[in-house]
Amino acid sequence: MSVAVDRAAATLERHAARQRLREKIFAGATFVAAALVLLLLGGVVVALVTAAWPAFSHFGFAFFTTSSWNPVTEKFGALAAIYGTVVTSVIAMLLAVPVSFWIAVFLTELAPAWLKRPVGVAIELLAAVPSIIYGIWGLFVLAPVLQHTVQPWLIDWVGPLPVIGKLFQGPPYGIGVFTAGVVLAIMIVPFISAVMRDVFETVPDVLKESGYGLGATTWEVIWKVVVPYSRTGMVGGIMLGLGRALGETMAVTFVIGNAHRISPSLLAPGTTISASIANEFTEAVGALHSSSLIALGVVLSLMSLTVIAAARFMLLRLDRRALSSV
Amino acid sequence: MSRRFRRKITNAVALGLSGIATAIGLFFLCAILWTLLKHGLAGMSARLFTASTPVAGADGGLLNAIYGSVVMTLIGILIGAPIGLLAGTYLAEYGRGTKLSAVIRFVNDVLLSAPSIIIGLFVYQILVVPMGHFSAIAGAVALAIIAIPVIVRTTEDMLNLVPQGMKDASTAMGAYPWRTITSVLYPAARSGLVTGLLLSVARISGETAPLLFTVINNQFWSTNLNDQMANLPYVIYQFAGSPYKNWQELAWSGALLITLTILALSILARFAVSATSGSKR
Chain A
0 MSVAVDRAAA TLERHAARQR LREKIFAGAT FVAAALVLLL LGGVVVALVT AAWPAFSHFG
60 FAFFTTSSWN PVTEKFGALA AIYGTVVTSV IAMLLAVPVS FWIAVFLTEL APAWLKRPVG
120 VAIELLAAVP SIIYGIWGLF VLAPVLQHTV QPWLIDWVGP LPVIGKLFQG PPYGIGVFTA
180 GVVLAIMIVP FISAVMRDVF ETVPDVLKES GYGLGATTWE VIWKVVVPYS RTGMVGGIML
240 GLGRALGETM AVTFVIGNAH RISPSLLAPG TTISASIANE FTEAVGALHS SSLIALGVVL
300 SLMSLTVIAA ARFMLLRLDR RALSSV
Chain B
0 MSRRFRRKIT NAVALGLSGI ATAIGLFFLC AILWTLLKHG LAGMSARLFT ASTPVAGADG
60 GLLNAIYGSV VMTLIGILIG APIGLLAGTY LAEYGRGTKL SAVIRFVNDV LLSAPSIIIG
120 LFVYQILVVP MGHFSAIAGA VALAIIAIPV IVRTTEDMLN LVPQGMKDAS TAMGAYPWRT
180 ITSVLYPAAR SGLVTGLLLS VARISGETAP LLFTVINNQF WSTNLNDQMA NLPYVIYQFA
240 GSPYKNWQEL AWSGALLITL TILALSILAR FAVSATSGSK R
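Protein sequence lines, in the order shown, are assigned to chains A and B.
Quick note on numbering: numbering that gives the first Met the number 0 labels position 150 of the first sequence as 149, and the sequence is numbered without any gaps.
Quick note on numbering: numbering that gives the first Met the number 0 labels position 63 of the second sequence as 62, and the sequence is numbered without any gaps.
Please keep in mind that the hints were generated in silico from the structure rather than gathered at the bench.
Be aware that a few hints might be false.
With a straight-line Cα cutoff of 27 Å, these simulated DSSO-like cross-link-like pairs (lysine-lysine) come out [said to hold, decoys possible]:
1) A:K115 <-> A:K207
2) B:K37 <-> B:K244
3) B:K244 <-> A:K23
4) A:K223 <-> A:K207
5) A:K115 <-> B:K244
6) B:K98 <-> B:K166
7) A:K23 <-> B:K37
8) A:K207 <-> B:K244
9) A:K223 <-> B:K7
10) A:K23 <-> A:K115
Ranges between beta-carbon positions, derived for each pair [claimed, not checked]:
11) A:A3 <-> B:S182: 49 to 59 Å
12) A:P227 <-> B:R189: 50 to 60 Å
13) B:L267 <-> A:P263: 44 to 54 Å
14) B:L259 <-> A:F312: 33 to 43 Å
Partial list, derived from the structure: chain B residues whose beta carbon lies under 7 Å from chain A [stated by the list, open to error]:
15) S17
16) T34
17) Q163
18) P232
The structure displayed is predicted, hence computed values, not measured ones.
Backbone N, C-alpha and C fix where the C-beta goes; we use that ideal spot for every residue, glycine too.
Kindly generate the complete structure, drawing on both the sequences and the hints.
Structure, rendered in structure tokens:
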């Protein structure tokens, strides 16, 4: 009798031990995977900084303040690429933010129910199109159109103006900093508007209804209730879009012209950090050239990861489930 | 002008602008799709799927590039999915509410938006340099690193949607957490998890920048994972910028193929998620 009980207890104990072991293994595996995500970011930073070190130590601080980029004499300065990255992103944001705002307004406050979903999905699909498609479309369709219509107009009408005119002088190349900014804008509009829509939808209906109850027009409710309520989220969405524009590679590489120089005119060819890396990395012969390109990558990581981290921090306050599109 | 009239005008102008902005957004979607169809359909033929990429001036197709893209995307997902799934499980279950998981969640969200070219440089440093040559494996790893944050994010969100009662019921029957997770949570969230996978496939199948320094390209048919391999994004990049008419045509056809695949995957993912969670989107 007691032998049978002992045996049963032993079986049970073995079973429980096996369960505990499996539990340990599974829990351990999930922890390792989660830690891997953390290590990934650290690994990226360490690997890039290590590889960029020769360039940083060779050029010192001058790497950030000079714009000559000459593989033959092995003189490398990041200024032209940084300038191009910043300027294309600024152009993109100037064009994209207002349009995105209005699209988000349309989607949340204005569109009739039957139109909301299809238009929303269409905008999200536009965000899913890979960047290389924007690049090739920008090169073959947008650049010629800009070259023959928008750019001559800018040169004729804005070019002669004082100060700002300097930005729009010279021949209309078609490809260049300006065109890259426009392509970037088209690329990030769906992205920013999707985030803004999600943010707008977190505004409680009661708040909006009290606005309407006081006799406010739709626009007044949007500007005085919806916008103030969702300000942090909006800024977060905009900065997420900026992070994207800063690091975008393929869409820009096709249309920027890849010239390592800082021209006063926005219509002239230029380069960005990502475009320089994409163009030259596999063809870099000298060790210093590769190292300098990776150093550009470090600069880019610093810029975009800072912006993205700030954006994510602002979006943290929102319920994650509300942000389905990012 | 009365105050009331001015308010009405402002309202009309504002709302009109929002309609115009939306029309602009939709216009670009249509413009891009139309260009892709116009240029891409011309090259759509059986040859596209039966012949490898040609030398300049000769005829050819995209067979090797399509094969390479499919293989690298699949390997990328095979590497990324288990890691993403487990990490997402940690965030939603074992690590729920801890400081560490809050940090990991934040880092994951940052990685989700990190520039893909940086990932390309990273994989170049950790794989291509030690191995001494470009390879399809390195490309697949780069794609996996881009897929992981997407999968982590959707896994966590989807597991959080499972009602607490189901977990409690399983625990009450004496199940260990791993049993509850694998036998209750995963099946309950299955279509959401599939959505995450579809979205990550859509995300990585068009990625170009991370492949530039990891696999590059291969003019010829190759199934060797330890060697350079052709892939659609690189072929599009290379051929679109070339002066040859037939290369450009192949680039457009490839662009059309990729875009249609990604749009189809994105739409499919949307259906999969609305079928279960009953959410709006």
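Going through the hints against the structure:
The suggested pairing of K115 (chain A) with K207 (chain A) holds, with an alpha-carbon distance near 18 Å, which does not exceed 27 Å. Taken as a hint, the K37 (chain B) and K244 (chain B) pair is honoured in the structure, with Cα atoms around 15 Å apart against an allowance of 27 Å. Proposed proximity of K244 (chain B) and K23 (chain A) is contradicted: the alpha carbons are some 60 Å apart, above 27 Å. With a C-alpha separation of about 10 Å, the suggested pairing of K223 (chain A) with K207 (chain A) holds against the 27 Å cut-off.
Between K115 (chain A) and K244 (chain B) the CA atoms are separated by roughly 42 Å; this puts the pair beyond 27 Å, and the hint is violated. For the suggested pair K98 (chain B) and K166 (chain B), the alpha carbons sit about 23 Å apart, so the restraint of at most 27 Å is met. With a C-alpha separation of about 57 Å, the suggested pairing of K23 (chain A) with K37 (chain B) is violated against the 27 Å cut-off. For a cut-off of 27 Å, the pair hint linking K207 (chain A) to K244 (chain B) is broken: about 57 Å separates their Cα positions.
Distance restraint check for K223 (chain A) and K7 (chain B): the Cα-Cα separation of roughly 16 Å lies within the 27 Å cut-off, and the hinted pair is therefore satisfied. This hinted pair does not check out: K23 (chain A) and K115 (chain A) have alpha carbons roughly 48 Å apart, beyond 27 Å. Roughly 31 Å separates the CB atoms of A3 (chain A) and S182 (chain B), a value that falls outside the hinted 49 to 59 Å. Separation of P227 (chain A) from R189 (chain B) is about 41 Å and departs from the stated range, judged on CB atoms against 50 to 60 Å.
Our hint of 44 to 54 Å for L267 (chain B) and P263 (chain A) holds, since their Cβ atoms are close to 49 Å apart. The hint said 33 to 43 Å for the Cβ distance between L259 (chain B) and F312 (chain A), and at roughly 37 Å that hint holds. This hint holds: S17 (chain B) has a C-beta 4 Å from the nearest C-beta of chain A, less than the 7 Å allowed. Because the closest C-beta pair between T34 (chain B) and chain A is about 5 Å apart, less than 7 Å, the hint holds.
Residue-level restraint check for Q163 (chain B) is violated (minimum Cβ-Cβ distance to chain A is 15 Å; threshold 7 Å). For P232 (chain B), the shortest C-beta to C-beta distance to chain A is roughly 5 Å, which falls under 7 Å, so the interface hint holds.
In summary, the numbered hints that this structure violates are 3, 5, 7, 8, 10, 11, 12 and 17.
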